[in-house]
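Asker: Build out the structure end to end from the sequences listed, making use of the hints.
Spelled out, the chains give:
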Amino acid sequence: MADTMPEAGAGAEPQDVPRVITAQLSAADRAFRGLLRGGGIAVFVITGMIGVFLVIRAWSSYRVAGWGFFSTGTWLVGENHFGIGSILPNGVIIAVIALVVAVPCAIVAALFISEYAPGALRRPLIALVDLMAAIPSIVYALWGVFFFQPEALGFARWLTDHLGPVFPPFRIVGQETKIAFSSSPFIAGLVVSLMVIPIITSLCREVFSQAPQGEREAAYALGASRWAVIRTVVLPYGRGGMIGAGMLGFGRAMGETIAVSLIISPVWTVNWHLLQTGGMSIPALIALRYTESTPQMLSALMAAGLVLFAFTLAVNAAAGVIITRTRSGAQTAD
Amino acid sequence: MTEHAIPASSVETTVPMPAVTAAFPATAPTATALPATAPPPQAEPERRIGRRAVTFDGACALIGSALGALGLTWLVYERILPTTGALGFWLSAFLVFLALYGGVTALVWGRRAVADRLAGAFMAAIGVFIVFVVVDQVAYAAYKGHSALGHLNFLTRDSLNATALTPLSQGGILNALVGSLEQMGIATAAAVPLGILAALFLVEVGGPMARPVRSLVEAMTSLPEIIAGLFIFALFILTFGLRQSGFAAALALTIMMIPFVARSSEVMLRLVPGTLREASYALGASQWRTIWSIVLPTARSGLTTAVVLGMARAIGETAPVLLTSGYTDYVNANPFSGWQTSLPLYIYETVREPADVQRVRAFGAALVLIALVLVLFTVARVLGGRTPGELSRRQRRRVARDRLAYTAERPAAHLPGLSATDLESTDLERETNESA
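Just so you know, the protein sequences line up as chains A and B, in that order.
Numbering-wise, our numbering puts 206 at position 206 of the first sequence, and it's gapless, one number per residue.
Numbering-wise, our numbering puts 1390 at position 390 of the second sequence, and it's gapless, one number per residue.
Far from chain A, some chain B residues (derived; all Cβ distances over 12 angstroms):
1. A1066
2. L1067
3. T1156
4. L1242
5. T1328
Computed footprint of chain B on chain A; a stretch qualifies when at least three of its residues, placed anywhere within it, have a C-beta under 8 angstroms from a C-beta of chain B:
6. 23-29
7. 45-51
8. 251-262
Hint data in this document are derived by calculation from the structure and do not stem from the laboratory.
Yeah, the Cβ is synthetic: ideal placement off N, Cα and C, and Gly gets one too.
Answerer: Quick look at the structure:
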């Protein structure tokens, strides 16, 4: 960013080097910095406390269920036969469906906003994406159940008829009735994808808009079209950001509660038939089962919640690392 | 399609990030240096090159392809092939449009332009799709729920009489409205100071701890909502032995809000020009004084946006509230004792009842919730939305007035392009003089 200094008089001077100034901090300053540091530490403490309290509450369940907690498919807490063996994969299926739809849409939308949209449209579009992120999840859930699901049944049936023979997960077991297609991981995934799109879009847009202006202009000077600039400058520059945004979206999709619990109809085996009714996810399990509150059942739910917490924290932290390691991220983080 | 020049795009897209290191950042010598009296030799103005001016042929190709695609699809899809359905029609029409548009572009502008035009058309379609989704959500809730809002009692009565067997003219959602607003208020009061402190720590203090804190804040922004509820349930209800209440729900919302506020405030604080801080330090201000009188006021607009968007987010959260607040049909204005209902919770509980009238009520409540979110969102846009250093209209007028007064005072004084940054530092000067 260094401005070109006017040539006059700046000829023979030695190179300007920033001087490092060290100063004594006053007592007030030291106290103030301590306060700010406290704010930073508070984030650590809260996250740590979430982990600690979930572990404390979940411990008895882990002791009862043992390693079987990770392989058992059913959720019969009273009979000591419970685990997330089917719930976690079912949740991952929904999240993956959501991402398969959301990531391309979001990247294209982000490119449109940062590269193609005329200047006057850009701000309203950014506001709209923010608004999409601010719409409460319960509204998405209502929309998904009552408006989207009936519309999507025909499409799901079409997918089964035409792609089912080629792509096994699109096949369906039993009769092809309308009921067989409703409350499926596919529909839940599509609704969740709408909730993930704005998050990925705004992250990607930030990254794309930081693509170096010099390289863009160089590409234009070489005769590139806008699309060629995107392909050769913007996308390579934003690759890490896109991966990170996708992973953050994955964490978000894994944690989505209300839409999934309203749409899905619970099953306790892994449902590989994406278009067929039945699915589950850990948040939906907690939301649907928390009322039946014997201490043991609550402990089991805490155990499931702890797995979700650790899983999303790991995914999100990895996403953060990827974003900061790449070229686009290195500029924003210190 | 407006004309858009290359240099102009850099104004919005690349914002210089001030390198904030230790308490007293080393000054970058060239950044604030005013231009010397002699203007730089390159006097020739920058020539702007428009790349996307709308041409007549371009518009014709676009409109012609669209009309052609519609006609062709209608003929083949509706009349010849045994296919029906709106979704299929529009999908095929779009594909045909892409093919026609690509063909026309190849004929007129050559093959190299094809990918560019098709990418543009495709991206615009996704943009339209997103607009459609947002509008459709609001419109659908309005369509389904407006009849509930036609009765005034919907907003002024509690939901005790709002059952599956009573008409819409009885009962309402006052209990949920009160609960929602109270919980949002408490959550905001708790989360905003903490969130902004964490953001200030990241930007102003830094150090080796900043990086892990930043990663953690980022990771926490997409913390599953239900985990916040579960945590407060484990802490507040199972460990402390308290009952479910509005306050517990507000705490769960606080957990959701802190990382959100911290992250978006951090972005805003980073945009505060480093030169302002340096000017303040150079005048001998202490760090807390600099932050209090320079950094925070400069970022005020952006911080307001962050806070209000955080509030909009908190009011719509369902899952944290689900486990922690309980559910009641009575109006309970005391968040510290007794169960409290909030709007998302009311919707969640009501919509699952198998009665049409309850569904209408749920959509009515959803409409109220959307309206609240929209109001907060608009407030955020009106109050904020400016990046630090970008002046409001009133501030710009003040700058002009000050400049006029200054030149009137000292007619001989030379004023080389007084910029916003310079003005801010004169403010600082005044302030430090007063405080001294």
